[in-house]
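**Q** Read off the chains here:
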Amino acid sequence: MRFKDQIDFVRQHVKRNRLRVFMTILATAMGCAFLIVLASIAFGLQTSMKKELLSDNAITEIEIYSEDKLDKQKIKAIPNVNALVERAEIMAEGTAKFTLDERSSTPYTQFVDFEQLAKTNEKLAQGTLPKHDNEIVVGYQFAQTLLTKAQQQALDNDDEQTKKEGYSGKLLGKKLTFTYTVDKKNVLTKEMTIVGITKKPSREWDIDERVMMPLSMLATLKTNYEHVTDNKQQDFSYATFRVYASDLEAVKEILATLKAMDLSVYSVTEQLEEINILFTALKAGLIFIGTIAILIASIGIFNTMTMAVTERTREIGVMKAIGTNPKLIQKLFVMESAYIGILGTIIAIVVSYVISIAVNWLIPIALEMATGDKAYREVDLIFSAIPFELVLIASAISISVAIISGWRPARKATNIDVIDALRQ
Amino acid sequence: MITLQHVSHTFRIGKKDNEQLIDVLKDVSLQIDAAEIVSIVGKSGSGKSTLLNTIAGFLKPVSGSIHIQNTDLTTLNERSLAAFRLQHLGFIFQNFQLMPSLTTYENIELPLKIAGVEPRKRQQLIQQLLKRLDIAHVKDHYPNELSGGQQQRVSIGRALVGNPPIILADEPTGSLDSETEREILTLIQQLNAELGITFVIITHDDEVARIANRIYTMHDGDLKEATNDAL
Ligand SMILES: Nc1ncnc2c1ncn2[C@@H]1O[C@H](COP(=O)(O)OP(=O)(O)O)[C@@H](O)[C@H]1O
Ligand SMILES: [Mg+2]
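Chains C and F supply the protein sequences, listed in that same order. Under our numbering, the first sequence has 300 at position 280, and the numbering climbs by one with no breaks. Under our numbering, the second sequence has 171 at position 164, and the numbering climbs by one with no breaks.
A hint or two may mislead.
The list that follows gives simulated cross-link-like pairs (lysine-lysine, PhoX-like), each with its CA atoms no further than 20 Å apart [to be verified]:
hint, chain 1, residue 1, chain 2, residue 2
1, F, Lys120, C, Lys347
2, C, Lys24, F, Lys128
3, C, Lys351, F, Lys120
4, C, Lys70, C, Lys303
Stretch-level coverage of chain F by chain C, calculated; a stretch enters the list once three of its residues show a Cβ under 8 Å from a Cβ in chain C [unchecked claim]:
hint, segment
5, 63 to 74
6, 81 to 89
7, 120 to 129
Okay, the calculated beta carbon distance ranges per label pair [to be verified]:
hint, chain 1, residue 1, chain 2, residue 2, range
8, F, Asp147, C, Ala386, 34 to 40 Å
9, F, Phe18, C, Gln26, 33 to 39 Å
10, F, Ala143, C, Phe308, 57 to 63 Å
Simulated from the structure, these hints should not be mistaken for lab results. The structure displayed is predicted, hence computed values, not measured ones. Note that beta-carbon positions come from the ideal geometry of N, C-alpha and C, so glycine has one too.
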């Protein structure tokens, strides 16, 4: 039998029992849509989470924890390493203070290898990275920490009356006086110029108040410190290193190389991998639950097909009598249940997309109404996503389940005895 | 063309522990040549249909051999039997056995579709037959819209369309009035003369049997060729 004739044959039979077949298709569609929508939540949340992770962490950044045995040249020589940036902070006792006119601040102070940092795509809100020893970059919210004596006092005393506003003028190009003291003894005093201001942290609750000084300043400070305290300093400072890969694809290999060098490293991509594993498990779980819905629908398909075979016993007998291959009869019935599965799946896909769009649109509105927080709508969260991959998985499951449920009734059809059937 | 040698068949009826054996065919041998009309006549329950079912391959006899055009049917599996029937045999049934959801045209088309004949060729063959069988005017009618005689013509069309050398007919006029019966029998004789098709006709009616070139009689599973003066 030609394939087109087979399709016609199936269509003709489906038409004869329109209502029954339609209800079966509906049940299949509901099961399949349930699976897709359920799993789409895992896909959607994963997408949101990835976006969140990648938006404020440089994906090409690799952090190295171990300081001592670091062979900087060897690391820089690894292929696709753009830069190795050292950031240090002073561990020894002491106070770093920055003064601007009558205001002063004692912020968190970092010593940064700006020469290397310049090779990464680090972006500033204003200005440039320092090129000289007397230049610094300050955090986006550093100005808030520049307070007058009175304001400082009020802050320390938890005084509600006095306003504790920071510096509101323009900071870029301003000269600050940097003083470092230990036990009231002066270690270093130096005029520093602000040449850059960092970007606003992407997270609402993050505050960047630090001051970034050139790394070369650290050595001077240490020498002076040892002189003033008359004491050798073993753990004067603590350094962290970050490797910057040329692109995301290179990160994995660089990570492996660094690990082979016995370094403890961290990259957000590893976290991504963990999240991926977690979400793969979640997806599998949800798809499994969805499959149960499809299995329930498959009982309907089994029923419909069994009835179809029983009803058509005489006709199947005639078909066999005039010389139809039993295999063809089986195929025609399997095709009929596949037809139910395919149509149900198509309907399910369309419906699922509609539901998914509605969910992404309605949930933020619902959350806003419940909490009164506008943020939900602004963040553009994805709650449900239906990638092509999910469509493929769901179709494969529901169509195979449909075919499997039609299999036994189809076999029953081929086993019909011609003489018995013709006697009906 | 058709040769049966020592074909016997026994039905087992009743419960397993209280089985009854019925010998429906008792050592039946028979020989039918090409382009013959042969009828098998006998009382109801004498085993005629069972005999035809073995010739058609619907039933494997307990013993004996059935050769049709040098093929031993008893050695074929279901699939080969189906293919053999499609090629070599046409069927006419007492109650027509048409597909109720198919029109006259589509019912006749069915064996061609099963055989995978291409649509244009199908149309040609069917148009020809519709005219020959005088049912062209009802080609879009469904079986329940046709008279008994018309239905049997459609069923003959379905049997003929694949151009088989042999047509097996089990009580082909059993459901028809005597006038229509006459028409159908005449048609069978004409088709035999025109196309050289071998007909095996089963009937309980001596009148019907008389259109045959040769007549066998069936009596309680015993088959005998009738001599002319016996009828
Ligand atoms: N499938 C069957 N099982 C048991 N007995 C059967 C079966 N088919 C036919 N018979 C019996 O075999 C005998 C012959 O039947 P059949 O060949 O139909 O006779 P006919 O066609 O001559 O009327 C009858 O007694 C009938 O009851
Ligand atoms: Mg009979």
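**Q** Against each hint, give a clear statement of whether it holds in the structure.
**A** Now the hints, each set against the structure:
no., hint, result
1, F/Lys120 - C/Lys347, "holds (15 Å)"
2, C/Lys24 - F/Lys128, "holds (16 Å)"
3, C/Lys351 - F/Lys120, "holds (15 Å)"
4, C/Lys70 - C/Lys303, "holds (15 Å)"
5, 63 to 74, "holds (count 3)"
6, 81 to 89, "holds (count 3)"
7, 120 to 129, "holds (count 5)"
8, F/Asp147 - C/Ala386: 34 to 40 Å, "violated (58 Å)"
9, F/Phe18 - C/Gln26: 33 to 39 Å, "holds (37 Å)"
10, F/Ala143 - C/Phe308: 57 to 63 Å, "holds (60 Å)"
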